[in-house]
Every structure is written in structure tokens, then in C-alpha cells.
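K.L.:
With the hints as extra help, turn the sequences into a complete structure.
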Amino acid sequence: MTIPSVVEIMEFAGTFAFAISGIRLASAKRFDWFGAYVVGVVTAIGGGTIRDVLLDVTPFWMTNSMYLVCSALALFWVKLFGNYLIQLNNTYFINDTIGLALFVVVGVEKSLALDYPIWVAVVMATLTGSAGGVMRDIFINEEPLFFRKEIYAMACVIGALVYCMCDRMGMDVFLSQTMCGISVFVVRVLAVKYNICLPVLTGADDVEEKEKK
Amino acid sequence: MTIPSVVEIMEFAGTFAFAISGIRLASAKRFDWFGAYVVGVVTAIGGGTIRDVLLDVTPFWMTNSMYLVCSALALFWVKLFGNYLIQLNNTYFINDTIGLALFVVVGVEKSLALDYPIWVAVVMATLTGSAGGVMRDIFINEEPLFFRKEIYAMACVIGALVYCMCDRMGMDVFLSQTMCGISVFVVRVLAVKYNICLPVLTGADDVEEKEKK
Amino acid sequence: MTIPSVVEIMEFAGTFAFAISGIRLASAKRFDWFGAYVVGVVTAIGGGTIRDVLLDVTPFWMTNSMYLVCSALALFWVKLFGNYLIQLNNTYFINDTIGLALFVVVGVEKSLALDYPIWVAVVMATLTGSAGGVMRDIFINEEPLFFRKEIYAMACVIGALVYCMCDRMGMDVFLSQTMCGISVFVVRVLAVKYNICLPVLTGADDVEEKEKK
Numbered sequence: 099m100t101i102p103s104v105v106e107i108m109e110f111a112g113t114f115a116f117a118i119s120g121i122r123l124a125s126a127k128r129f130d131w132f133g134a135y136v137v138g139v140v141t142a143i144g145g146g147t148i149r150d151v152l153l154d155v156t157p158f159w160m161t162n163s164m165y166l167v168c169s170a171l172a173l174f175w176v177k178l179f180g181n182y183l184i185q186l187n188n189t190y191f192i193n194d195t196i197g198l199a200l201f202v203v204v205g206v207e208k209s210l211a212l213d214y215p216i217w218v219a220v221v222m223a224t225l226t227g228s229a230g231g232v233m234r235d236i237f238i239n240e241e242p243l244f245f246r247k248e249i250y251a252m253a254c255v256i257g258a259l260v261y262c263m264c265d266r267m268g269m270d271v272f273l274s275q276t277m278c279g280i281s282v283f284v285v286r287v288l289a290v291k292y293n294i295c296l297p298v299l300t301g302a303d304d305v306e307e308k309e310k311k
Numbered sequence: 099m100t101i102p103s104v105v106e107i108m109e110f111a112g113t114f115a116f117a118i119s120g121i122r123l124a125s126a127k128r129f130d131w132f133g134a135y136v137v138g139v140v141t142a143i144g145g146g147t148i149r150d151v152l153l154d155v156t157p158f159w160m161t162n163s164m165y166l167v168c169s170a171l172a173l174f175w176v177k178l179f180g181n182y183l184i185q186l187n188n189t190y191f192i193n194d195t196i197g198l199a200l201f202v203v204v205g206v207e208k209s210l211a212l213d214y215p216i217w218v219a220v221v222m223a224t225l226t227g228s229a230g231g232v233m234r235d236i237f238i239n240e241e242p243l244f245f246r247k248e249i250y251a252m253a254c255v256i257g258a259l260v261y262c263m264c265d266r267m268g269m270d271v272f273l274s275q276t277m278c279g280i281s282v283f284v285v286r287v288l289a290v291k292y293n294i295c296l297p298v299l300t301g302a303d304d305v306e307e308k309e310k311k
Numbered sequence: 099m100t101i102p103s104v105v106e107i108m109e110f111a112g113t114f115a116f117a118i119s120g121i122r123l124a125s126a127k128r129f130d131w132f133g134a135y136v137v138g139v140v141t142a143i144g145g146g147t148i149r150d151v152l153l154d155v156t157p158f159w160m161t162n163s164m165y166l167v168c169s170a171l172a173l174f175w176v177k178l179f180g181n182y183l184i185q186l187n188n189t190y191f192i193n194d195t196i197g198l199a200l201f202v203v204v205g206v207e208k209s210l211a212l213d214y215p216i217w218v219a220v221v222m223a224t225l226t227g228s229a230g231g232v233m234r235d236i237f238i239n240e241e242p243l244f245f246r247k248e249i250y251a252m253a254c255v256i257g258a259l260v261y262c263m264c265d266r267m268g269m270d271v272f273l274s275q276t277m278c279g280i281s282v283f284v285v286r287v288l289a290v291k292y293n294i295c296l297p298v299l300t301g302a303d304d305v306e307e308k309e310k311k
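The listed protein sequences correspond, in order, to chains H, Y and V. FYI, the numbering for the first sequence is 99 to 311, going by the working numbering. FYI, the numbering for the second sequence is 99 to 311, going by the working numbering. FYI, the numbering for the third sequence is 99 to 311, going by the working numbering.
A couple of the hints might just be wrong.
Partial pick of chain Y residues on the chain V-facing surface, computed with a CB cut under 7 angstroms [stated by the list, open to error]:
#	residue
1	Ser-125
2	Ala-134
3	Val-151
4	Phe-158
5	Met-160
6	Gly-268
7	Asp-270
Derived by calculation from the structure, the hints in this document are not laboratory data. All C-beta atoms in this analysis are idealised placements derived from N, C-alpha and C, irrespective of residue type, glycine included.
P.N.:
This is how it looks when you write it as C-alpha cells:
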């Protein structure tokens with residue numbers, strides 16, 4: 099394990115924030131406790147699970163019960179402080195972004211450790227960071243947000259590239275992690291602050307009906 | 099194989115019942131034969147497939163063609179006796195619950211055989227029993243029922259815990275299986291009979307819009 | 099590798115056509131560039147990825163970056179020639195069908211090479227050819243077309259059976275591939291030309307509400 103335990107703590111903070119994001123949406127849809135818990139768990143661990151299945155390693159949450167426990171804590175947290183949370187949107191946003199940064203770091207490191215090339219590491223980092231949210235939106239039967247407000251994904255891609263660049267330049271592991279995490283954080287904060295979006299893809303607007311045959 | 103052949107017969111009964119549940123919903127949505135068959139197959143084998151992928155073993159239905167054959171029989175059954183089935187709702191419900199009980203038993207045994215801890219076995223049992231239904235609901239583009247009427251999942255969790263408890267107490271395998279199956283059956287029947295539900299999660303009802311940014 | 103390089107070229111043509119199908123639908127739904135790219139990638143490689151995960155081999159696109167590059171080219175293609183493409187519907191349809199034919203060939207060969215029986219090869223060929231489209235429709239939150247206009251799947255099943263039959267009769271690999279590809283092509287073209295559909299499954303139309311408890 100090259101990840102120091104301070105990262106482990108941050109990883110749980112990230113899991114907590116991601117789980118809360120799923121649980122709050124599930125609650126707004128009037129799911130019951132168990133359903134909300136499942137949506138929370140899937141949001142938090144879904145991306146990493148798909149990554150681990152593709153990399154053919156044991157899904158990370160099957161070797162450490164803390165991820166499921168952490169999601170259960172998130173459930174009680176929403177139950178107790180749900181309405182108060184709204185006023186904490188900034189705190190919540192920071193936790194969520196810390197989580198994203200860490201998921202990217204873990205995704206890149208797992209891929210590089212298995213000797214995959216950089217572009218696979220970038221894909222895995224993006225999957226780790228954003229596939230959970232896509233699964234959440236499919237479960238609550240809404241069109242995945244991801245596809246319209248992709249800044250999550252953009253932050254993942256940039257962060258992963260920064261990590262790989264640092265790694266290539268022979269930087270220390272801890273420094274690469276830090277640089278990567280900071281990049282994710284900065285890109286996401288700037289994107290939200292200045293409301294930066296990728297442009298909508300145009301050029302085939304009238305083809306829906308024709309296409310779907 | 100520790101499972102006696104009587105269980106094998108019951109497993110096919112369960113597959114049949116699960117496949118019928120998918121095929122009837124697909125038929126109500128006016129899917130064609132092939133589409134209905136696929137939804138039936140996914141309902142019947144989807145949960146076990148996800149379990150086997152996570153456990154990194156060969157998906158069970160790829161080593162025995164009976165599961166796909168059984169789903170094809172279910173297709174003809176619905177075609178021939180579809181409307182008559184409505185009056186058989188109790189028979190159908192019992193088959194479905196037998197299937198659920200067996201899926202839980204198989205899920206727990208596979209996990210314990212691979213030396214996973216109890217909580218992984220509980221998760222795998224729940225996945226085996228309920229992920230097929232979630233996939234069915236996603237395929238027919240409806241919000242998964244699972245998240246509002248979770249008593250399926252509750253029965254899986256309780257059944258799996260009973261199995262693990264029996265196993266820890268040194269009980270015979272067959273006795274553990276029976277106890278587990280009976281628990282699932284009883285929880286589900288009681289839940290339906292007395293309309294027992296988990297409460298809706300409240301405490302964050304107004305956050306949907308704020309959350310989704 | 100028994101596949102000659104002419105097949106490799108055709109495979110990229112297929113990937114390109116499948117990616118375009120996803121990107122055009124995503125564009126019609128006003129997804130941004132990144133979202134459209136992801137939908138394109140998933141349409142092109144989703145089926146093969148599920149096949150490889152079930153067969154427990156490394157997903158094909160993780161060993162060759164050409165699939166992701168090819169999807170990126172498809173993105174620029176749609177951006178530049180989107181509206182012009184509409185008049186090219188026949189060209190597009192032919193590419194798409196070539197892609198389908200190749201996906202079926204690859205699906206059958208991978209399964210047979212791992213010593214799976216014929217019926218597994220048929221399932222894998224169908225998954226390779228059609229699961230990407232199902233994932234595309236789930237991502238854009240529409241009911242999968244697959245279940246109503248299954249002729250995609252029918253062509254996959256027939257093509258895979260032809261391959262296995264040729265293989266059993268001791269035919270040369272290249273000849274089996276060609277026969278299989280032609281079968282897929284002919285079935286699909288005939289189906290679209292004469293508007294052949296499987297009949298809707300009837301016999302359980304009134305059960306939706308009763309079923310879903």
C-alpha cells in the first residue's frame with residue numbers, strides 16, 4: 099500500500115459525501131430507508147466497482163466493510179440533519195470534491211500498478227469518479243446529469259493526466275497524488291464558480307426519429 | 099456440490115417464476131417475443147450474474163443451459179396461459195417466494211465457500227434475490243419497485259443472516275439451508291399479508307433541485 | 099489471432115458506425131460534447147465489454163486505444179457532417195450492418211476459443227451486437243428499442259448459428275466468418291426492407307398492476 103492513512107481517512111470522507119448525494123435524491127423521490135441506503139451505496143461504490151471488475155481485481159468494498167458502514171452513517175446523517183444540511187451546501191460541496199479527488203487518485207494508481215497505459219488510467223479515474231453518479235441517476239429513473247453537466251468528468255480527466263505527467267517526470271508518489279488531487283479540486287471549484295460547461299453538441303439535431311430505426 | 103438435487107429442482111422452479119414475472123411485465127408493455135424473452139432471462143439470472151462477476155467465478159448460467167431453456171418455457175407458459183395465470187396469483191406468489199428463498203441460499207453458500215465474511219454473504223444473497231428485478235425495471239424504463247417495496251430485500255437480508263447464524267452454530271448444511279429458506283418464505287409472506295413496509299426516508303424532501311448541481 | 103487484418107479494418111468501420119449512432123441520439127437530446135462522446139463509446143464498446151467481463155478476459159478496448167480514438171473521430175464526424183449525414187442514410191445503414199456482422203463474428207470466435215458450447219457463443223454474439231444499443235437507450239433514459247424492434251438480435255442469433263454450423267462441418271475459419279457475416283447482413287437488410295418484426299407477445303396484457311406487487 100503506497101497510500102498513507104491520511105488518504106484512507108479522506109477516502110471515507112469522500113464515500114460519505116457521495117453516499118449522501120445518493121440518499122438525498124432518493125429521499126426526495128420518497129424511497130424507503132432500504133432503497134435510499136442502496137442508492138447511497140451505489141453512488142459511493144458503483145464507480146469503483148465497475149473499475150475493479152474491468153481491471154479484474156476484487157471489488158474494493160468486498161475486502162473492507164467500512165464502505166458499507168460509512169454509507170449507513172450517511173443514511174442516519176441525512177435522517178437527523180437532512181434539512182439542516184441545506185444550509186451547509188458549501189461544506190457538502192467541499193466534501194464531495196475531496197471525494198472526487200481521492201477517487202481519481204485511487205483509480206489512476208490501481209491502473210498504473212497493473213501496468214496499464216496512461217489512457218486506460220485516465221478512463222479508470224473518470225469511471226471511478228463519475229460512474230456511481232450515473233448509476234444513481236439510472237436507478238432513480240432520471241437522465242444522467244453527467245451527460246449535460248460533465249464538469250465532474252472533465253475534472254477527473256485533467257486530474258488523471260496531471261498524475262500521469264507527474265509520475266512520468268519521476269516525482270514522488272505522495273507529491274503526484276497531491277498534485278492530482280489539487281487539480282481535480284481546482285478544476286471543479288472553478289467550473290462551478292464560473293459556471294463553465296462544455297458546449298452542447300450540435301450538428302445532428304433533427305435526426306432523432308430517423309436514427310432510431 | 100453440497101446442494102442436493104431436490105434443491106436443483108426448486109432452483110428451476112424459482113427461475114421459472116422469476117422469468118414469468120419479467121415476461122408478464124414485458125408483455126404488458128407490448129414488447130415482442132424476443133424482447134419479452136430477454137427481459138424474462140434478465141429477471142431470472144441477472145442477480146446471480148452480477149454476484150458471480152463480483153465473486154470472479156464463471157456466471158452460473160454459462161455452465162448449464164437449463165436456465166435459458168427454463169426461461170423459454172416460461173415464455174410459452176405466459177403465451178398459452180397468460181390470462182388464466184391471473185386467477186393463479188397465489189400459486190404464482192408461492193413459486194416466486196420459493197425462487198427467492200433458493201436464490202438467497204445459493205448466494206450465501208457461494209460467498210462462504212470462497213471464504214468471504216458474513217456481511218459479504220448477506221450482500222451477495224440480497225443481490226442474487228433482488229438485482230434481477232431491478233434490472234427488469236430499468237429495462238422496461240420504470241423506477242425500480244425495489245426501492246419502495248423493499249420487502250424482497252429485507253427477506254433476503256434476514257434469510258442470509260439466519261443461514262450464517264446456523265452455520266456458525268455448527269449446524270448441518272442441509273439444516274442451515276432449510277432454516278434460511280423458511281425464514282425468507284415467512285418474512286415475505288408476513289410482509290405481503292400484513293402489508294409491512296419500511297418507512298419512507300424523510301428529512302431531505304426539499305433538496306432535489308439544490309442537490310442536482 | 100485467426101482474424102486477418104481486413105477484418106480489423108472492418109471492425110473499426112463497425113465501431114465508427116456504432117459510435118455515430120450513439121452520438122447522434124445524444125446530440126438530439128442536447129448532451130454536451132463529453133456526454134455525447136461517452137454515449138458513443140458505450141454504444142460501440144458496451145456489448146463487447148459485457149461479453150469480455152462474462153468470459154473473464156480483459157475487455158478488448160483496454161488493450162488497444164484505437165476504439166476510443168475511433169469514437170472520438172466519430173464525434174468530430176457528427177459535428178462536421180451531422181446534417182449532411184441524414185442524406186447518407188443508406189451508407190450509414192451499410193456501415194452499421196457491417197459493424198454488427200463483425201461484432202457477431204468476434205463474439206462467436208472468442209466464446210468458441212474458450213471452449214464454451216454453441217449456445218453460449220450464440221448468447222455472446224447477441225450480447226456483443228446488441229447490448230451496446232441497450233445501454234445507449236438506458237443512458238438517454240428511453241425504453242430500449244431492442245425490445246420492440248429486435249431484428250438486430252435476430253440477425254445476431256442467426257449469424258452465430260451459421261458460424262457454429264460451418265465450424266462443425268469443418269469449414270475453414272475464414273469461410274465460416276464470411277458465411278456468418280453475410281447471414282447477419284442479409285437477415286438485417288431483408289428485415290428492414292420488408293419491415294419484418296417478431297409479433298408482440300400477448301396473453302398477459304391486463305396484469306401489469308397485479309404483477310407489480
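K.L.:
State for each hint whether it applies.
P.N.:
Here's how the hints hold up against the structure:
Annotation: interface hint on Ser-125(Y) holds; nearest CB of chain V at approximately 4 angstroms, less than 7 angstroms. Here the hint on Ala-134(Y) is kept, as its CB sits about 4 angstroms from the closest CB of chain V, short of 7 angstroms. Taking 7 angstroms as the C-beta contact cut-off toward chain V, the hint placing Val-151(Y) at the interface holds, the least distance being around 6 angstroms. Because the smallest distance between the Cβ of Phe-158(Y) and any Cβ of chain V comes to about 11 angstroms, over 7 angstroms, the interface hint for this residue is violated.
For Met-160(Y), the shortest C-beta to C-beta distance to chain V is roughly 5 angstroms, which falls under 7 angstroms, so the interface hint holds. Interface hint status for Gly-268(Y): violated, as the beta-carbon distance to the closest one in chain V is roughly 35 angstroms, over 7 angstroms. Residue-level restraint check for Asp-270(Y) is violated (minimum Cβ-Cβ distance to chain V is 33 angstroms; threshold 7 angstroms).
Going through the hint list in order, the structure does not satisfy hints 4, 6 and 7.
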